[in-house]
Amino acid sequence: GESVGLHLPTLSVQEGDNSIINCAYSNSASDYFIWYKQESGKGPQFIIDIRSNMDKRQGQRVTVLLNKTVKHLSLQIAATQPGDSAVYFCAETPNTDKLIFGTGTRLQVFP
Amino acid sequence: GAVVSQHPSWVICKSGTSVKIECRSLDFQATTMFWYRQFPKQSLMLMATSNEGSKATYEQGVEKDKFLINHASLTLSTLTVTSAHPEDSSFYICSAATQGFEDEQYFGPGTRLTVT
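Sequences listed follow chains C and P, in order.
For the first sequence, the numbering used here gives the first residue as 1, with consecutive numbering after it.
For the second sequence, the numbering used here gives the first residue as 1, with consecutive numbering after it.
You may find that some hints are simply not true.
Partial pick of chain P residues on the chain C-facing surface, computed with a CB cut under 7 Å [unchecked claim]:
no., residue
1, 28
2, 41
3, 43
4, 44
5, 93
6, 108
7, 109
8, 110
FYI, nobody ran anything at the bench for these hints, they're computed from the structure.
Glycine residues also receive a C-beta, built at the ideal position from the N, C-alpha and C atoms.
Use the sequences and the hints to build the structure in full.
Below you can see the structure in the form of structure tokens.
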């Protein structure tokens, strides 16, 4: 299930299930969005990106969906694995010189 | 390719001292480097943007005299936390891009700063 912690919402899923991580972005002028994965004590790792002229983009085991009408972004991870456990951030670009990160969601994968 | 390193990976310093953190692009030339700060269980917050050979642009609320940024070459940017205090304890992360922001940012592994 999904819960809100002190600062970081957490999503707990069973290994093999699909995960859906959601993000609400703030600026309707944003035209480029990125999902990052951050493991404990490490820097963010690029997962997948999408531009505002698209509503869906697929990668290996991951899919990003963009709904500009409600300013919502989601990351779907198929067949979630223990190695997917991390904090996931969406990021938006309201202009060409800044990357704004969302609050993040912790994904916990249980065997 | 596109590897960014940071040094040191962690540092402990005493209150009132200064600490320098290095960010290097190992296999590409970075015209722009970004410095972020991340407190525990929080998101990354952009502190400043630096372009090689010019002064850094700081985000609102970030003291430029406290967080000195130097981007002297296309492969190295440094962040110096001057007169550090315990509230400066954080995870500092840099990223680098080859063509300014419009290019993908490659992130470093981060530097954990603890000020005692």
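Results for each hint:
no. : hint : result
1   : 28   : 15 Å, violated
2   : 41   : 4 Å, holds
3   : 43   : 4 Å, holds
4   : 44   : 5 Å, holds
5   : 93   : 5 Å, holds
6   : 108  : 5 Å, holds
7   : 109  : 5 Å, holds
8   : 110  : 5 Å, holds
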